[in-house]
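Q: Which chain is which? The protein sequence lines are A and B, in order.
The first sequence begins at 12 in the numbering used here and counts up one residue at a time.
The second sequence begins at 12 in the numbering used here and counts up one residue at a time.
Because the hints were derived from the structure by calculation, they are not lab data.
Remember, it's a predicted structure, so these values are computed and weren't measured experimentally.
Fair warning: there could be bad hints in the mix.
Copies of one chain are not kept apart here, so a pair can be met inside one copy or by any two copies together.
[What the hints assert, rightly or not] No more than 30 Å apart at the CA atoms, straight line, and that leaves these computed lysine-lysine pairs for DSS-like:
id, residue 1, residue 2
1, K146, K285
2, K331, K57
3, K246, K299
4, K263, K146
5, K76, K316
6, K117, K21
7, K194, K340
8, K56, K146
9, K267, K331
10, K72, K111
11, K192, K57
12, K175, K91
13, K299, K72
14, K343, K91
15, K146, K91
16, K316, K72
17, K340, K270
18, K21, K214
19, K192, K72
20, K21, K270
21, K246, K270
22, K117, K91
23, K84, K313
Residues per chain are reported as follows:
Number of protein chains: 2
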Amino acid sequence: MSINIKEINKTEYIILRLLSQGTKSYWEIMLETFDSALNTIQSLKKLMQNQIIVYQNNTFKINSKEILKEVLKTDYIDVKCRECEGNCFSKQSFQEVILKFREIIKDRPVAIPEFDQGIVTIETIRNRINFMYYKGDLENKNIVLIGDDDLTSIALVLTNLPQKILVLEADQRLVDYINNKSKSLGLDNLKAVTYNVEWPVDKNLRNSFDVFLSDPVETIQGITLFISRGCSLLKENGVVYFGLTHLEASLKKWYKIHKNLYEMNLVITDIIDKFQLYELNPDDIVSKGYRVFTEINLDLPKPEKPWYNSAFHRLELIDKPNPLFDPDKEYKLERELYYDEEAFVTLY
Amino acid sequence: MSINIKEINKTEYIILRLLSQGTKSYWEIMLETFDSALNTIQSLKKLMQNQIIVYQNNTFKINSKEILKEVLKTDYIDVKCRECEGNCFSKQSFQEVILKFREIIKDRPVAIPEFDQGIVTIETIRNRINFMYYKGDLENKNIVLIGDDDLTSIALVLTNLPQKILVLEADQRLVDYINNKSKSLGLDNLKAVTYNVEWPVDKNLRNSFDVFLSDPVETIQGITLFISRGCSLLKENGVVYFGLTHLEASLKKWYKIHKNLYEMNLVITDIIDKFQLYELNPDDIVSKGYRVFTEINLDLPKPEKPWYNSAFHRLELIDKPNPLFDPDKEYKLERELYYDEEAFVTLY
Chain A
12 MSINIKEINK TEYIILRLLS QGTKSYWEIM LETFDSALNT IQSLKKLMQN
62 QIIVYQNNTF KINSKEILKE VLKTDYIDVK CRECEGNCFS KQSFQEVILK
112 FREIIKDRPV AIPEFDQGIV TIETIRNRIN FMYYKGDLEN KNIVLIGDDD
162 LTSIALVLTN LPQKILVLEA DQRLVDYINN KSKSLGLDNL KAVTYNVEWP
212 VDKNLRNSFD VFLSDPVETI QGITLFISRG CSLLKENGVV YFGLTHLEAS
262 LKKWYKIHKN LYEMNLVITD IIDKFQLYEL NPDDIVSKGY RVFTEINLDL
312 PKPEKPWYNS AFHRLELIDK PNPLFDPDKE YKLERELYYD EEAFVTLY
Chain B
12 MSINIKEINK TEYIILRLLS QGTKSYWEIM LETFDSALNT IQSLKKLMQN
62 QIIVYQNNTF KINSKEILKE VLKTDYIDVK CRECEGNCFS KQSFQEVILK
112 FREIIKDRPV AIPEFDQGIV TIETIRNRIN FMYYKGDLEN KNIVLIGDDD
162 LTSIALVLTN LPQKILVLEA DQRLVDYINN KSKSLGLDNL KAVTYNVEWP
212 VDKNLRNSFD VFLSDPVETI QGITLFISRG CSLLKENGVV YFGLTHLEAS
262 LKKWYKIHKN LYEMNLVITD IIDKFQLYEL NPDDIVSKGY RVFTEINLDL
312 PKPEKPWYNS AFHRLELIDK PNPLFDPDKE YKLERELYYD EEAFVTLY
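With the rest of the complex left out, here is chain A (with noise of 0.2 Å):
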């Protein structure tokens, strides 16, 4: 080991610290770490070429416990909620709804990359209600999505608390699944409507909603256009939530995208890291080429659990919303909507 304890970054600690409690998979460290995927990545190749750690048996570890009495000072310390998992919401609360909701959606429409679908946990579901609710955002309010391939927008409208729910979602077949479900099951608050985000917004839609959520791309461009487009749907004093990974999103970008969010008239007064984990299809990662697969380079198996995390966001509106993309105009972004050099779940 020729390397310098003092060369070794913040990420490298995180994951030393980890494998220090025993072996762990890829997709374990992709989870805990707090960096970007591709800087996962780098402090793992880093720590390899060192000798510090080896890749055996699928999973990652410790080479010689040396280098961790240098970097550490103490044994692990699992500092984390056992109850909740660091979520701060409990597991048992909306559990009809969840029981509801998980009945009701067993026929859903597979998520499809192309359109960047990636659908959460149900878990994530319920501490999405929790915390909405916690915030005051569910009770009689009107509710806007912008693409709602996790269906949250019926877990929403399950708990009866929301007056109106309306999705606009780019995909048909969400669309009409959320139609028919409204339908069947009687749910008069609960629409879809077929948007694409890079439409102008409907004129009869604009500032009539309380809250605004959604899960968008993680380009800058793309998330700043999804979020301008939930901002021209708001009131005033509106609710923003959404999510963002460190996974594809460095915080050089994290800084460009909250700035633009300043910039609409919206302060951040919540951010949970990790508060959402993903439900990506294990063979879609293996197979399609994501870089989260290819550019580690050694063979690695499939995810067995979620390991996509996102940073839940909430804001709101101090003022009128400031949109910066114009709702009376339509964009094309095309390919750079979904994709920039830091996508490593994202197809080109």
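For chain A, the structure is supplied; the task is to place chain B on it using the hints.
A: Here is chain B on its own, set in the frame of chain A:
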């Protein structure tokens, strides 16, 4: 009750939802709303004037259940994790540190409201340690604090994790106290120095710390000055932790403060609301003429448990620090440092 349901604002809704569970004290309501003390008081007054709630036997209660039927679609749902009380982190971790800390600081100097001092609970100190450790900001790090009436520096050093801790503190009693403890306990990596945030920043200390922690005053100028000073002390990619309340800072103020942070090349990575609870002296609250006590204009009892709370912020530099206040210069903010029109628990 002449009030129309549409006239119930968010904070009034939060209050009514809370009271639907039973009577609550003024201080319990202050703990649970997400709004300023000013707005919370206005909401309470409006609800009382409209005879929706009444104040009796030192508590607020719902005057008529009729209104709840209109405002609430469900009985109150307790969504917070009971184990960690919604703070994401274990109440068991770092147990030895906390016990030792509690013992060591028994002879601490009392807080002086004139310095805007208000110490956090021991549980909050545990939460800070948990969160900083979780984020990789404790082990082997050089940490600097501006203001430390909480004595967090002593708790941090007791973890044996940081490399070095420096406290910059205006109150000479605290400087002496921390240095005496450091000497008597043989903690040679903890040191305190007399420093007023208005003074220039020592050239030898600039750009030499990994982490800055503070619990600043809440005027825009004041908090920007504190974090500017912290910024000057940080290395590139350094980390900032601080608390900001809703009680004394409207979202418009949050917005302006956050904008200043982004100007300094900081990006917000986490905001956990109500993460920090404070042990304000109940007698001071009653006797010092704070607006939170006087403006409600009721015969209030002293608070019986912590109610003053703040949202813990974590930020990272995405580039070199760009402090808005010049580290070479002295600034004289005087009264403006501590006091603005939103100050409700702050002396003139």
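Q: All the hints need checking, so say for each whether the structure fits it.
A: Hint check:
1. When the C-alpha separation of K146 and K285 is checked against a cutoff of 30 Å, the pair qualifies both within a copy, at 19 Å, and between copies, at 12 Å.
2. For the identical chains of this complex, K331 and K57 are inter-copy neighbours only, at 25 Å across copies versus 48 Å inside a copy, given an alpha-carbon limit of 30 Å.
3. Proximity of K246 and K299 under a CA criterion of 30 Å is satisfied in neither setting, with 41 Å inside one chain copy and 40 Å between copies.
4. Proximity of K263 and K146 under a CA criterion of 30 Å is satisfied in both settings, with 29 Å inside one chain copy and 18 Å between copies.
5. In this homomeric assembly, K76 and K316 come within 30 Å of each other (Cα to Cα) only inside a single copy, at 28 Å, whereas the closest approach across copies is 47 Å.
6. Taking identical chains as interchangeable, the C-alpha atoms of K117 and K21 are never at most 30 Å apart, the minima being 42 Å within one chain and 36 Å between chains.
7. For the homomeric pair K194 and K340, neither the shortest alpha-carbon distance inside one copy (33 Å) nor that between copies (67 Å) is at most 30 Å.
8. Taking the shortest Cα distances, K56 and K146 sit within 30 Å of each other only across copies (22 Å), while inside one copy they are farther apart (42 Å).
9. Proximity of K267 and K331 under a CA criterion of 30 Å is satisfied in both settings, with 21 Å inside one chain copy and 16 Å between copies.
10. Within a single copy, K72 and K111 get their C-alpha atoms no closer than 42 Å, and across copies no closer than 35 Å, so neither meets the 30 Å cut-off.
11. Taking identical chains as interchangeable, the C-alpha atoms of K192 and K57 are never at most 30 Å apart, the minima being 50 Å within one chain and 42 Å between chains.
12. Taking the closest pair of Cα atoms, K175 and K91 come within 30 Å of each other only across two copies (25 Å); inside a single copy the shortest separation is 36 Å, beyond that limit.
13. Taking the closest pair of Cα atoms, K299 and K72 come within 30 Å of each other only inside a single copy of the chain (27 Å); across copies the shortest separation is 59 Å, beyond that limit.
14. For a Cα distance limit of 30 Å, the shortest separation of K343 from K91 qualifies neither inside one copy, at 43 Å, nor across copies, at 42 Å.
15. Within a single copy, K146 and K91 get their C-alpha atoms as close as 22 Å, and across copies as close as 11 Å, so both meet the 30 Å cut-off.
16. With identical chains, the CA atoms of K316 and K72 are at most 30 Å apart within one copy only, with a shortest distance of 19 Å there and 47 Å across copies.
17. For a Cα distance limit of 30 Å, the shortest separation of K340 from K270 qualifies both inside one copy, at 22 Å, and across copies, at 28 Å.
18. When the C-alpha separation of K21 and K214 is checked against a cutoff of 30 Å, the pair qualifies only between copies, where the shortest distance is 26 Å, while the shortest distance within a copy is 48 Å.
19. For a Cα distance limit of 30 Å, the shortest separation of K192 from K72 qualifies neither inside one copy, at 48 Å, nor across copies, at 41 Å.
20. Proximity of K21 to K270 under the C-alpha cut-off of 30 Å is found in both arrangements, the shortest distances being 25 Å within a copy and 27 Å between copies.
21. Taking the closest pair of Cα atoms, K246 and K270 come within 30 Å of each other both inside a single copy (21 Å) and across two copies (22 Å).
22. For a Cα distance limit of 30 Å, the shortest separation of K117 from K91 across copies, 28 Å, qualifies, whereas the shortest one inside one copy, 32 Å, does not.
23. Neither within a single protomer nor between protomers do K84 and K313 lie at most 30 Å apart by alpha-carbon distance, with minima of 34 Å and 44 Å respectively.
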